[in-house]
Every structure is written in structure tokens, then in C-alpha cells.
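Trainee: Below are the chains, spelled out letter by letter.
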Amino acid sequence: MQVIGIIVSLMAGGLLAMALGPKSAQASRLAALAGLAVATILFFPLLMLAISETGSGTGAGAVWLSQISIEWIPRFGIRLLFAVDGIAVILIGLTLLLGYISLLSAWSEITKRCGFFYFCLLFTLAGVVGVFSALDLFLFFVFWEVMLIPMFLIITVWGHENRYYAALKFFIYTQASSLLMLLSMLVLVHMHWQQSGTISFSWFDLLETDTSGRLGFWLMLGFFVAFVVKLPGIPVHNWLPDAHTQAPTPGSILLAGILLKTGAYGLLRFIFPLFPEAALEFTPIAMTLGVISVLYAAKLAFAQNDIKRLIAYASISHMGFVTLGIFAWNAISLQGTLVQIVAHGLSSAGLFAIAGLIQQRTHTRALDELGGLWPQVPRLSALMMFFAIAALGLPGLGNFVGEFMILLGTFQTSPIAAVVAALGMVLAPVYALIIMQKAFFGTPSADAKSTSVDLVPHEIFMLAILVVGLIILGFWPGLLTNLSEPGMLDLMRNGLPAGQGG
Amino acid sequence: MNLLWLIPTLPFLGFTILVLSSGRMSRERARIVGVGSVALAFLATIYIATQYYAAAAHGLDHGAGFTVSLWPWITAGSLNLNFSLYLDGLSLSMLFVITGVGALIHLYASGYMWDDPDYTRFFTYMNLFVAAMLMLVLADNLVLMFLGWEGVGLCSFLLIGFWYKDPKNGYAARKAFVVTRAGDTAFAIGLFLLFRELGSLEIQEILHLAPENFEMGGNMPTLISALLLGGAVGKSAQIPLQTWLPDAMAGPTPVSALIHAATMVTAGVYLIARCHPVFLLSPIAMTMVASIGLITLLVAGFTALNQWDIKRVLAYSTMSQIGYMFLALGVEAWDSSIFHLMTHAIFKALLFLTAGSIILAMHHEQDIRKMGGLRKQLPVPFWCFLIGSACLIALPPTSGFWSKEPILLAAWEADPIFWYGAVFGAFLTAVYTTRLMLLVFFGTPEGGIPKTHEPKGWQLHPPLIILAGLSLVAGLFNLPAADVLPHAHEHHPPLWVEITGILLPVVGIFIGWQVFLKGRWQALRMESPAFDGLRKFLASGWGFDWLYDILLVKPFMALAKANRNDIVDLVPKAVVVASSQCYYFFSRGQNGQLRFYVATMAAAAIMIISLALFT
Amino acid sequence: MIDAVIIDHAFILAGILFCLGLAGVLVRRNLVFVLISLEVMLNAAGLAFIAAGSAWGQPEGQIMFLAVVTLGAAEVAVGLGLTLLLFRRFNSVDIDQLNQLKG
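Residue numbers (this note's numbering), protein chains in the order written: chain S, 1 to 502; chain A, 1 to 615; chain C, 1 to 103.
Careful: at least some of the hints might be erroneous.
To be verified - Here are the computed lysine-lysine pairs in the DSSO-like style, where the Cα-Cα straight-line distance is at most 27 Å: (1) S:Lys-299 to A:Lys-561; (2) A:Lys-536 to A:Lys-518; (3) A:Lys-554 to S:Lys-299; (4) S:Lys-23 to S:Lys-112; (5) A:Lys-456 to A:Lys-165; (6) A:Lys-165 to A:Lys-370; (7) A:Lys-451 to A:Lys-536; (8) A:Lys-376 to A:Lys-451; (9) S:Lys-299 to A:Lys-573; (10) A:Lys-561 to A:Lys-573; (11) S:Lys-299 to A:Lys-168; (12) A:Lys-168 to A:Lys-561.
Read the hints as simulated data drawn from the structure, not as lab findings.
In isolation and in its complexed conformation, chain S is listed as follows (with noise of 0.2 Å):
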């Protein structure tokens, strides 16, 4: 029951901050705080749930925590079915901790039409909570669309510059590829009918269906497609940096934070369970994409000017690890993309907002314009270090974590691919030191605006928590991994072909 109480509270809060919006700013922003903090409290008793149930480290707690089962649409059999693993609730986690930071970071950026915008990034959240907790793949598909229309709106309305292309181009993509998904859907359920009898979206329901066929592989590559938008892999990640570029900065930590991950989380849960045979077949293609993207991107996001737009192609490049990671498919593999997932979101969320703090003080992306900030600004400064460094994957930071343990595994089942996407590492500290080196140090130069405004506190709590959040993934990741254990490997089991399952 938790869940829907997670995703109703997001939406009472949205609509609350909405009707509230035109009378106060102020008490929007609260309104929105209240629901956030709403659904976190009744998030607890999940996470409780979680820890209680993989306290002892073994790996042999329940794999679903908390399932509901409502009729929907009994015609079709599409039922109101949310079903919560560790998986979901580290990933609902990490989605309603970004929350908070989007809110922080939107408290003194977002002027214009507040209720409003706390409408939508709380409908963003509780489409992104509904994505990773829905089983069903029709209401899977809805809570697809509810994320994607506010967050449109958020490019939309308030962007930059060249907000109406970069929506637009944000919205096509993802729309085009989720209908994909929802063809392939309708066909995969017309095919577990015609094989059962029974008409039923539900995903374990579903995982019975054999898919090993060749409209299998092409169902698969719809669901793939969908996913490898969101994530989003090369070639098919055009829209992200146009989208990253001109989205207010609530609105990128989103889009990296969370929304990407809807996409790993689509490859994880749904490409290998349903489609055993097909995705095992595909698997040398999509690992070239990944590692395609890994090293393409690192290129691109060394040669770029905007800030926002190399980080932005820093974070294709490492959701290129995730798709090796997830192809890969074992357990090593499988739980370094989640810690990968959430170290990304954390580390990518940092450095979005500091370059949404910047650009505030010196009304600049561009790098070549700015230059030496590092004597007027210390404290932001050395915490773009930080988050920097995090995302060159240094040791004892999350994104190393993840990346280790995905190279690692990928490296038992396909040594070439991983080693070809290690080369990742010497390009990565390529494009993320060059934003030290143009921005913070050297000396202004001569267009350089001027700012002497360091962080205020409540721009150090919201990047605190994040480096925190880092720090601790870096040298206890067991304290997530040991939560999503259970649930990871019983995918892994889904995810093998038959003949091949444990």
C-alpha cells in the first residue's frame, strides 16, 4: 500500500502547490515540501521492510517486499499492480532524495510561475516512483507518459535560450520510442493469450510467455529502443544534451538524476526477464552500443564549450556502462549497475547543480568565458572538485564502485568489450578536468564576469548530502547492495534462457 501512498502524496502535493501557486510562492514551495515529505515518511516502513528483511547479508530474504493488486480494466486484464523489490526501493529512493535536492535547487532559481513548476516536478516524481514500483505493463506505460509530459513543461516553460527546439526534440524521441514499447507491449500480450488464454498485462504473468522466436527478438528490440532513449545510448541520445542544456536546473538534476535511470531500470526489469533467448542473442550488439557510447560520448563531452552540455555528454558516456553492465548479466555485473545507477544519479545531480550556481552568479555556461573562479568562489570550487573527481570514477567514490564491478563482470563474459570500455577511464579524466582547468583555475580572463557570492548554506546542505551520499557509496556499497540482493538475483534467474535457469 505504501506506494500508492508514495505517488498519491506527490500528486496531492503537486495539486496543492498549483492552487496555491497564484496567492504565494512561499507557500507552494511548502506545499511541494510537505508532499515530498509525506511520501518519504510513508517510505520508511519500505525501507525498514527492506533492511529487516536483508539483515542478515545472506541473500535469502523475500524478493518482493510490498505488492498490491487492484482490478483496473478487467476486460483486458490490466490491474493496478505495484510490485516493490530492493531494486525499486533503493531507485524510489534515490528518486525521492533527488526530490529533495530539485526542490532545494529550485527554491531560489524558480521565480516564475511557482505552483506551477512544483506541479510538475512533483508529477515527474510520482510518474518516475510509479515507473519503478508498476508491474503491470499498461499502468507501466501510463506512469511512462506521466513523467514525460511535466517534465516537457519544465523544458518549456522554463528554460533557457533555445527551450522550445531542445522540448521538442525531448519529447519526440521519447514519445516516438515509448510507442515502440507499447506496440511491442500489446503484441506480447496477444502472444501470452494466444499461449495461455488468459489476457493479463501483469510482468510475472508475462515471464511465462516463450519469446524465444523471431517476433521475440523484434518485440525485445521495441522494449530496447524505448529504454536506450531514456538512458539514453548512442545513437539514439541527441536529445540529451539539447534537452540538459536548456532545462532550469531543478530540471536537469531530474532528467540525470532520475529519468535516465528509468531507462536502466526498463533494460534491467523487463529486456532480459521477458526475452531471455532474444536479449542473449542481441547482447553483442548492445554491448558495442554501450561501449560505442562510452567512448564516443567521453570524446564529445572533451570537445564541448557549455558546461551543462559537457556534462550532459559525460553522462551518456556513463550510462554507456550501464547497458555493458546489464548485458553482461551476472550478479557482479548486475549489481555494479545499480550502484552505478545511483552513484550517477547522486554524482551527475551534483554537477548540474554547481553548474546551475554558476551560471546564476555569472550568467554564463560557457567556458571559455569563465576562468579563475577558484580564488573568488573556494567552497564551490573545490566541491566541483569533488564531483569531478567522482565522475572520473576515483576510488572510494560511488561511480568507481559501480564502474569496477560492471567492468569486472562484463570482463568474465565479454573480456574485449571490457576492455575496450576501460579505455573510458583515461577519457574520462580527459573532459572532467578540463572544466576545473577552464573554469576554476587560471586566471579570469579578460570577458570574465566578476561574482564574489560563495555558497550560502542552504546551497552547501543540498551539495553536502550529495557528497555524503557519494562518500558512503564509495566504501560501504554493501549497504545497497545488500538491500537489493535478493531481488537482483531472482531477475538474474528470470533473465537466463531456459535450460540455463538455476
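Put chains A and C on the given structure of chain S with help from the hints.
Mentor: Just chains A and C, lined up with the frame of chain S:
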């Protein structure tokens, strides 16, 4: 032993305090925290060492170590890594070098950097470095070692670029990070391979499993050793990944002493010594290690002869001395290698710190052409530099002699070619060290003997004097590392080999004396224009920078520039263009002319009807 | 009874009338004349229906003619009304000038 965790924690605590103070701390307090944390770590090391020896006295096996498990770190599937520390003789030796030399350098730096506006930031990075370096040597598994490995790389980056206002320093810093990261990547791939083959990343387990699972001289141990060697080569600035070290001299001088002479650059030697059972399985890998060491020591020696920057001379001499350590590893003189690592850490730190004092006295001038005749004005640095140089040349009875001579002998045992190269390298060392010594402290430069000022701060001289004393007597130390490493074979080379090894450096000093002070045999200085090309080639470090620039940097930059706007973005743009072109084409027919519409309708009707009729 | 030859004649006549009407629609620019030409085309079609209906002795031909006549009446009523409105608004019934509805 239970307090082992304290050793890396103390500097890390210092780092944490300095970071959280976020610049509000006074210099005096920052000094206490920054220097004190490392000094306490040194005391903790002594305490641990007494316990270690007490345990050894109670009948502990030679070479066995203690494991202190802290918490489970990364667990998934069959991967089970603990955050745990491991102490044996080898890591204990390293601990002494890091905390002992480190504490002295910190003390020195607290005086050297006193006038710097970013005093606190400097000690923040330094403490983090020491913590990471201690993690590296104490790590129980290779991933934890990798954590320290990358951590020291980060601190090296931060400290080389410490004076960030000059973009050149930033470039040098990034170069150091990226070049060593290339090596680190090889190291990481080596870890993946080890895990795949042996199913473990615990060092001790690997060392036991490797001889059982790999056949002697097989491909797998060679491949693994080569990958680990890649990491070692990057960190230790050996050919072909050596180019970052000379540029790294952009950092403050104490940094050069600590990171780029005494500790971090020797991490590669430590790694190979630590994993020696794997390397021993592959004669090819051992030859590779020795050859890389030999080539590096010769290349760096020639380059050092042609440098004019006092720190760059020392940087190239560091490269060449680490070359000796690699050579020693390659010829199975394990304990000599670690012994040389320790003595080199002491005397090279001494040389660098003395160079720092000279640079301070010369108002941050590093060009040795502008120095000269400084021995009267700077007596303490003069004597310290003299002792350090004697160690570097390996004159008996300094510590450098005791550590280098066994390497030469072992090289002879393994293959006389290694000996010829190494002994020639020793000759080169003598020449360039004499040159440096003479140009700085003797003679007179063109503009007369420069005026110097005495640097303030009592912290500068004591570390120099202590290090100088240690440099002289360190040859007597009994290294605990010897218990861990296989014993070297007894060396019985011919007498003339031993004598040549001792005499050739003396000859080198004599030649250097004649050429650079007395002005004889000027042809050897190669100052005639005919040698310009060769001199430039040697001074540039044999053109490696140029080569990498052409092969890697330039193409990458060109590619990055050419494809800044992402060629894949053309696909959606092409869709946009295509659909708008279609729109223009089809909308032309929709011109509002009623009669045109009728005509086309009629024409189309006729076409359709005739198609229906005549087909 | 009308024999086959005469049916052909009737069809040819209808065709000629249709083409005349079409030509009128194509060449005239005055909207009133365009409507008249359309009327001619409709009647040509009606003629063809009548002829065909009587040739096969079926009532549908005449039924269709009635439909055509009704259509023609409606067309004239609406068409003339529109023409009047257009004339009032644009002061012209030249269809080449009334070309604002283009893409």
C-alpha cells in the same frame, strides 16, 4: 596490530579536519594539524613495528603477515572484497619510508610554503596524499591497493597544479593524471584478468593460487604480469609512460620531494615486489621489467645531462634511479630493489628539499645557469646537497653505494648486458650529478655570483640535516622486507666487475670536474652548433613528448574539434530537413487556384480511368 | 426501344457535354459561369444515367438522375449564395483572385 588502521586514518583525519575548516583555520593551526597528523602516523608506525618484531620474536613465520579486517567492502556474486589491511615486512618498510620521510618533508614544507596564501589547501592535499599512499601499501586486496593507487594519482594532480593561476601548471597536472591513468587502466584490466582466472583479488590468495594454476612460462602469467607492469610503469614514470614526471616539477618543491621522488613514483616497484610470485612465473615478463628499467635509466641519464632546470635534472635522475629498481626487480634482486627504494627515498628527498632551499634563496629561480658559487652563501644546503649527490653517485660508504652495488652485481649474474648498461648508467649519473653540483655551488656564472637571501622559518634546516644523516647511515639498516621476498642468489662475479662498478663513478666525477669546472675537453660539452640537433633531442627527453603529441594528442584534439557538434546529431537534423523539403514540394500544388485544382482532378481521373481500361 | 447504336450516341453526347462543361470550368474565371459549366457537367452525367437505365430497362438510372437533379439544385443554391457573399466581400467573382485558401 589492532591499531594498524590508525596509521592511514591519522593523515586522513588531518585531511578531514583541514577540509571541514574550509579555509577558516589559522596558519599555525593548519601547520599543527598538517604536520602533526603525519608525525603521529610515524609514531604509530614505530609502535606497530615494535609489535611486529615482538610477534616475530615469538616464532612468527618469516614472511608471514597480519591481516586486519575492517569491514566488507564490495560483495556481489563470487566477488568478495573486504576493506582490510595487511602488514608484513615489505609493507612495514614502506610504512617507514612514507611516514618517516613524509613527516620530515611535511615539516620542511610548513616552512617552505609559509608565505603561500593557500597554506591550508596545501596541507589538505598533502595529508590526503599520505593517507592514500599508506592505503596503497597496506592494502590486503588489489582493489584496495587500486584505491590508494588512484588516490595518490589524484593528489599528485592536485599538487602539481597547486599554483593553478598558470595554465602551464594545470596542463602538467592533467598530463600527469591522464598518462598515469593510462597505466592504471592496464592495471585494472590486469585485475579483471586475475579475477577471471583465479577468482580472487586478495593479494595473498593470488600469490598462492598463481603458481598452482598457471604453468611456468605460460601465456597467462605473462599477460597478467605485462598488464600489472603497465600500471607500474605509469606510476613510476618508466618508459614508455615517463613523460609526465619532468613536467610534474611544476608543483611546489616539497611535493616533488614527497610524491615525485620518495613515495608515489616508487609505487610501481612496490607493486611488482608485492606480486613477485606472479612475475616469477613468466621469464618474459621479468626480462621486460629489467629491460624497461635499463632503457629508462640510460635515456633518463642522457637527458639529465642536458637539462638546465635544477628540478628537472633531479626529476630525470629519479627516473633513472627507479630504472635501477626495475632492473633489480627484473634480475630477481628483490630485496636490493626495495633497499634501493628506501635509500633513494631518503637521499632524493634530501636533494629535492635542498634544491627547494636553493630555489627559495634564489627568489624562485630554477635555472642552474643563473646559479654558481653558492657554497659560501648557503653552507647548510651545500653540505646536504654534497651528501645527497654522493649517495646518488653511489660513492662508498654512503647508503647509495650499499643499495646500488648489489643491483649491479645481480645484473651481472643475470646477463652481462644488463651490467654493462647499468654501470654505464652509473657513470652517467656521476657526470650529471657532478655537473649539477659544480654549476650550482662552484665557479661563477656570467653575471657574477648571485645574491641570495636566507629563508625564514626554523623548519627548513632540521629536516635537511636529519635526512643527510640518514643518507649516510641508511646503508646499515636491516630491512624487514627481506623476510618477505625471496633471497637473492649469492653473487660471485669476477673481481674486476666489482671494482669497475666502484671506480667508474669516480671516473665520472673526474670527467665532470674537468669538463664543467676546469673547462677542459670542451668537445664533450657538445656546445658546437653541429650538435644542436642532438642536444635538443636529448634535452627533450628523446622526443617522447613530440611523438605522443603527434600520435595521440593532436589526432584526438583534431577529432574532438572536428566533431564538436556530434555527427550523429545530423540524423535527426536530416529528418527535419527532409520533412520540411517534402512540405515545400507538396504545398506548391496547394496554390488556391480553383481551376488548377479542377484541372489536376480531371487529369488524375483520366489517368486512373485509362489505367483501369488499358491494363 | 433504343438500340445499341443509339445508346452509343447518347453516351457520346453525354461525353461531349461533360467535356464542354469541364472546359468551361477550366477556362472561365467568372464564378457564375463556372457554376453554369458545373451544371452542364452534372446534366451530362444525368443524361448518361438515363440512357444507361433505359438501355438495360432498369429503374436505377432514372433514380440516379433524380439524385443528380437534386444535387444540382443544391449546388446552385449554395454556390450562388457563396458567390453573392464573395462578391460582397471582395467585389469580384474572378476565381483567380479568390485564391487565399492556399497552403
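Trainee: Each of the hints needs a verdict: does it hold here or not?
Mentor: Hint by hint, here is what the structure shows:
no. : hint                   : in the structure
1   : S:Lys-299 to A:Lys-561 : holds, 10 Å
2   : A:Lys-536 to A:Lys-518 : holds, 25 Å
3   : A:Lys-554 to S:Lys-299 : holds, 13 Å
4   : S:Lys-23 to S:Lys-112  : holds, 13 Å
5   : A:Lys-456 to A:Lys-165 : holds, 25 Å
6   : A:Lys-165 to A:Lys-370 : holds, 25 Å
7   : A:Lys-451 to A:Lys-536 : violated, 31 Å
8   : A:Lys-376 to A:Lys-451 : holds, 11 Å
9   : S:Lys-299 to A:Lys-573 : holds, 21 Å
10  : A:Lys-561 to A:Lys-573 : holds, 20 Å
11  : S:Lys-299 to A:Lys-168 : holds, 22 Å
12  : A:Lys-168 to A:Lys-561 : holds, 21 Å
Going down the numbered hints, you'll see the structure goes against just number 7.
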